[in-house]
Amino acid sequence: MYFALTDDQREFDNAVRSYLAERFDGEAVRGVVENADDTGNPAALWKAAAEQGWLAVTVPEEHDGLGLGVVEAQVISRALGAGTAPSAWRGTVLAAEAVRLAGSPEQQAAWLPRLASGDAVGAFTLRGSAPGTLPAVEYGAVADVVVAPSGDGLTLVTGASATPRGSYDGTVRLADLDAGEGEALPGATADVVADLTDRATVLVAADLVGIAREALTRTVDYDRDRKQFGVAVGSFQAIKHALADLHVNVTMAEHAVLYAAHAVDTRPDGSDLAIAVAKAKASDVAIDATAAMIQYHGGIGYTWEHEAHFFYKRAKRLAAQFGDADAQRERIAALTIG
Amino acid sequence: MDLTYTAAEEDFRSELRAWLQANIPQEWSRPGFWESLDDEESFQLRRDWERGKAEAGFAGIQWPTEFGGRGGTPGMKAIYDEELVLARAPRTVNPLGLTFLAPTVMAIGTDVQKKEIIGPLLHNEVIWCQGFSEPGAGSDLAALSTRGIRDGDDFVVNGQKVWTTNAVHGDKIFTMVRTEAGSEKHRGISMLLIDMHQDGVDARPLKQMSGASEFGEVFLTDARVPADECLGEIGDGWRTAMLLLSFERGASGISQYTEFRRQYDEIVEVARKLGRDQDPVVRGRLAKVLTDLECLRLHAMHVLTQVELGRDLGFEASMTKLIWSEAFQDLWEVFDIVLGEDATLDEVAGVDLRPLHAQAMWSRSVTIWGGSSQVQRNITAERVLGLPR
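Residue numbers (numbering that gives the first Met the number 0), protein chains in the order written: chain A, 0 to 337; chain B, 0 to 388.
Any given hint might turn out to be false.
Each pair of labels, with its calculated beta carbon distance range [what the hints assert, rightly or not]:
| # | chain 1 | residue 1 | chain 2 | residue 2 | range |
| --- | --- | --- | --- | --- | --- |
| 1 | A | Thr-188 | B | Arg-87 | 38 to 44 angstroms |
| 2 | B | Gln-373 | A | Asp-323 | 30 to 36 angstroms |
| 3 | A | Pro-185 | B | Ala-357 | 43 to 49 angstroms |
| 4 | B | Gln-373 | A | Trp-303 | 34 to 40 angstroms |
| 5 | B | Glu-26 | A | Phe-235 | 52 to 58 angstroms |
| 6 | B | Ser-138 | A | Gly-298 | 30 to 36 angstroms |
| 7 | A | Ala-189 | B | Asp-341 | 39 to 45 angstroms |
| 8 | B | Gln-43 | A | Ala-193 | 43 to 49 angstroms |
| 9 | B | Met-241 | A | Gln-227 | 30 to 36 angstroms |
The list that follows gives simulated cross-link-like pairs (lysine to aspartate or glutamate, EDC-like), each with its CA atoms no further than 20 angstroms apart [what the hints assert, rightly or not]:
| # | chain 1 | residue 1 | chain 2 | residue 2 |
| --- | --- | --- | --- | --- |
| 10 | B | Lys-272 | B | Asp-335 |
| 11 | B | Lys-287 | A | Asp-12 |
| 12 | A | Lys-315 | A | Glu-33 |
| 13 | B | Lys-287 | A | Asp-143 |
| 14 | B | Lys-113 | B | Glu-65 |
| 15 | B | Lys-206 | B | Glu-216 |
| 16 | A | Lys-226 | B | Glu-381 |
| 17 | B | Lys-206 | B | Glu-65 |
| 18 | A | Lys-312 | A | Glu-33 |
| 19 | B | Lys-287 | A | Asp-287 |
| 20 | B | Lys-184 | B | Asp-235 |
| 21 | A | Lys-312 | A | Asp-325 |
| 22 | B | Lys-287 | B | Glu-247 |
| 23 | A | Lys-46 | A | Glu-105 |
| 24 | B | Lys-113 | B | Glu-232 |
| 25 | B | Lys-113 | B | Asp-235 |
| 26 | B | Lys-287 | A | Asp-244 |
| 27 | B | Lys-287 | A | Glu-329 |
| 28 | B | Lys-287 | A | Asp-323 |
| 29 | A | Lys-46 | A | Asp-12 |
| 30 | A | Lys-312 | A | Asp-287 |
Worth flagging that the hints you see were computed from the coordinates, not collected in a lab. We put the CB at the ideal spot given by N, CA and C, even for glycine.
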């Protein structure tokens with residue numbers, strides 16, 4: 000029995016986290032949040048994602064990738080969530096996954112090395128249909144290629160015209176795309192689309208769990224020091240018990256996301272259930288932990304100046320992606336009740 | 000990631016499963032069978048069955064062979080617990096002795112204690128109780144006031160213990176006793192091994208809100224115990240108790256999941272029979288509790304991994320207790336929603352709900368005993384998160 004990250008996977012995690020801590024901290028995030036007109040995909044961070052293999056993680060080695068799985072990808076996603084990092088990373092990885100799993104050899108040769116190296120920015124959406132409007136696509140305006148629904152399958156959209164959509168989550172950029180027909184991905188059967196949906200769901204759940212853990216850690220640190228009534232507020236049981244419950248729930252969500260990623264990579268019995276459990280748990284706990292971050296920082300947590308709102312707003316957006324907690328629970332009910 | 004057991008562990012599973020299939024009478028799994036027996040009959044049946052299991056080599060799974068154990072791996076213990084649940088085997092009659100006392104004796108007992116306690120325990124020749132809680136010392140164990148006064152080679156013990164599992168069936172009781180007059184809090188306490196078959200010990204059943212009597216009260220009135228029947232040093236009982244309680248940190252979570260998941264399926268079955276299974280509120284609540292049960296299973300895999308790596312989980316055990324006890328209680332709260340207006344009835348739509356209600360009532364106890372949820376939250380906040388005391 001070994002249910003944990005390996006040393007290599009942990010090293011990957013450390014690499015992403017130390018880069019963000021040293022080179023792309025909260026102030027850098029603030030720069031992106033407060034400049035709604037820029038691409039929202041800062042060049043320095045993108046370069047690091049390319050150079051350090053974050054974009055290449057699941058791309059096969061024959062296409063210049065690392066050939067790793069969703070377990071490794073969720074490590075990166077979690078770290079990016081913890082840093083509330085603005086990046087087209089997830090859309091690019093998911094676009095590459097779509098091309099890998101459903102693309103023709105020509106499409107793979109054309110796109111995978113470019114997506115892996117950061118030469119091309121990818122986006123992935125399951126809303127709308129091409130040709131037509133694709134609503135609120137993450138990084139739709141900067142994407143060189145967008146994987147989008149088309150009929151029952153998926154298509155590779157290029158050259159779509161983009162209309163930016165405002166969002167209170169400033170750690171991302173969204174745009175409506177006016178998409179042409181695109182180039183169909185020939186292998187996009189219903190099973191493959193479901194598999195890609197699972198990959199997207201797990202990576203979003205991982206971002207959420209990264210957000211939740213970081214929100215909790217920062218709140219604990221603050222409440223250890225913040226004094227009222229002459230003592231640290233973290234010494235009050237009303238706060239201790241709430242934070243203890245959050246710690247339990249964040250830890251459970253971490254387990255659930257790790258297992259769901261493993262389930263996508265290996266498809267054991269019950270993998271559908273594992274994915275729904277992960278997204279349900281991560282969605283709930285990210286909203287709870289970030290709301291608690293605001294509450295247990297007191298007034299400062301409600302200010303624009305404090306970073307708590309980056310976490311809260313990002314959690315709000317991602318909790319709803321690819322099925323919110325209630326939708327996942329209905330999926331769980333269908334799987335266990337019928 | 001490797002979520003499999005070793006070949007040796009899987010062989011052990013097959014061997015155990017075959018033995019259980021051959022040695023659990025079919026009528027035991029008939030609904031209402033155990034309820035049809037009185038407490039004494041039920042206890043003796045389980046006691047004898049468990050002795051046979053030990054003789055077949057299916058006991059002391061992780062204990063060293065020198066103590067009559069099997070010398071197995073943590074994975075084998077997890078498999079063992081899980082298979083017993085799957086086979087609907089009766090619960091052990093010696094939980095406190097097997098889980099807590101035996102490993103403590105192996106660690107710090109004298110040679111005589113090792114010889115006299117462990118073998119008889121393994122074969123259920125001696126049923127052990129735990130004498131910790133008192134009417135005035137629940138969560139605050141160090142407030143205990145049961146006192147022992149030295150009289151020649153003996154201690155003479157007076158006081159009252161409560162929430163004693165199997166009190167009326169017990170042969171011996173490992174008891175926290177204040178043996179230094181005037182000592183306070185955790186100082187001056189000894190863990191004495193008291194024979195319950197004497198005039199000075201009066202064990203009475205304690206009728207619980209469920210109507211059952213898993214717990215009892217033990218009144219100690221001039222009970223005598225030889226001073227060398229002390230586990231650990233005299234006056235050092237607090238340390239002995241902390242060591243003893245640390246043995247709860249096993250990997251029993253996988254079997255708990257198996258049991259709770261079966262109960263979930265039973266509740267779903269009732270929902271179907273009542274035509275409530277398509278109600279969106281019921282479905283949402285069931286799915287939420289199932290989410291937590293699945294997380295419990297994963298947490299158990301995490302704990303087993305850490306145990307196999309030889310890591311001390313330390314205060315994480317508090318979190319484990321919180322997770323399973325709260326999830327179990329939530330599960331049975333959903334049962335009320337399934338039943339709706341008929342929540343308290345003994346029978347609905349031809350289903351005898353009484354065994355299910357018994358579980359629901361039991362679920363109110365699990366967040367109290369073994370360290371209440373509030374105590375576990377304090378420990379988690381202070382010792383794991385590092386919040387100030």
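Do the hints match the structure? See the list:
no.: 1; hint: Thr-188(A) <-> Arg-87(B): 38 to 44 angstroms; verdict: holds (43 angstroms)
no.: 2; hint: Gln-373(B) <-> Asp-323(A): 30 to 36 angstroms; verdict: holds (32 angstroms)
no.: 3; hint: Pro-185(A) <-> Ala-357(B): 43 to 49 angstroms; verdict: violated (58 angstroms)
no.: 4; hint: Gln-373(B) <-> Trp-303(A): 34 to 40 angstroms; verdict: holds (37 angstroms)
no.: 5; hint: Glu-26(B) <-> Phe-235(A): 52 to 58 angstroms; verdict: holds (55 angstroms)
no.: 6; hint: Ser-138(B) <-> Gly-298(A): 30 to 36 angstroms; verdict: holds (35 angstroms)
no.: 7; hint: Ala-189(A) <-> Asp-341(B): 39 to 45 angstroms; verdict: holds (42 angstroms)
no.: 8; hint: Gln-43(B) <-> Ala-193(A): 43 to 49 angstroms; verdict: violated (55 angstroms)
no.: 9; hint: Met-241(B) <-> Gln-227(A): 30 to 36 angstroms; verdict: holds (34 angstroms)
no.: 10; hint: Lys-272(B) <-> Asp-335(B); verdict: holds (15 angstroms)
no.: 11; hint: Lys-287(B) <-> Asp-12(A); verdict: violated (30 angstroms)
no.: 12; hint: Lys-315(A) <-> Glu-33(A); verdict: holds (19 angstroms)
no.: 13; hint: Lys-287(B) <-> Asp-143(A); verdict: violated (40 angstroms)
no.: 14; hint: Lys-113(B) <-> Glu-65(B); verdict: holds (10 angstroms)
no.: 15; hint: Lys-206(B) <-> Glu-216(B); verdict: holds (10 angstroms)
no.: 16; hint: Lys-226(A) <-> Glu-381(B); verdict: holds (17 angstroms)
no.: 17; hint: Lys-206(B) <-> Glu-65(B); verdict: violated (40 angstroms)
no.: 18; hint: Lys-312(A) <-> Glu-33(A); verdict: holds (14 angstroms)
no.: 19; hint: Lys-287(B) <-> Asp-287(A); verdict: holds (15 angstroms)
no.: 20; hint: Lys-184(B) <-> Asp-235(B); verdict: holds (12 angstroms)
no.: 21; hint: Lys-312(A) <-> Asp-325(A); verdict: holds (19 angstroms)
no.: 22; hint: Lys-287(B) <-> Glu-247(B); verdict: violated (27 angstroms)
no.: 23; hint: Lys-46(A) <-> Glu-105(A); verdict: violated (26 angstroms)
no.: 24; hint: Lys-113(B) <-> Glu-232(B); verdict: holds (15 angstroms)
no.: 25; hint: Lys-113(B) <-> Asp-235(B); verdict: holds (19 angstroms)
no.: 26; hint: Lys-287(B) <-> Asp-244(A); verdict: holds (16 angstroms)
no.: 27; hint: Lys-287(B) <-> Glu-329(A); verdict: holds (10 angstroms)
no.: 28; hint: Lys-287(B) <-> Asp-323(A); verdict: holds (13 angstroms)
no.: 29; hint: Lys-46(A) <-> Asp-12(A); verdict: holds (17 angstroms)
no.: 30; hint: Lys-312(A) <-> Asp-287(A); verdict: holds (12 angstroms)
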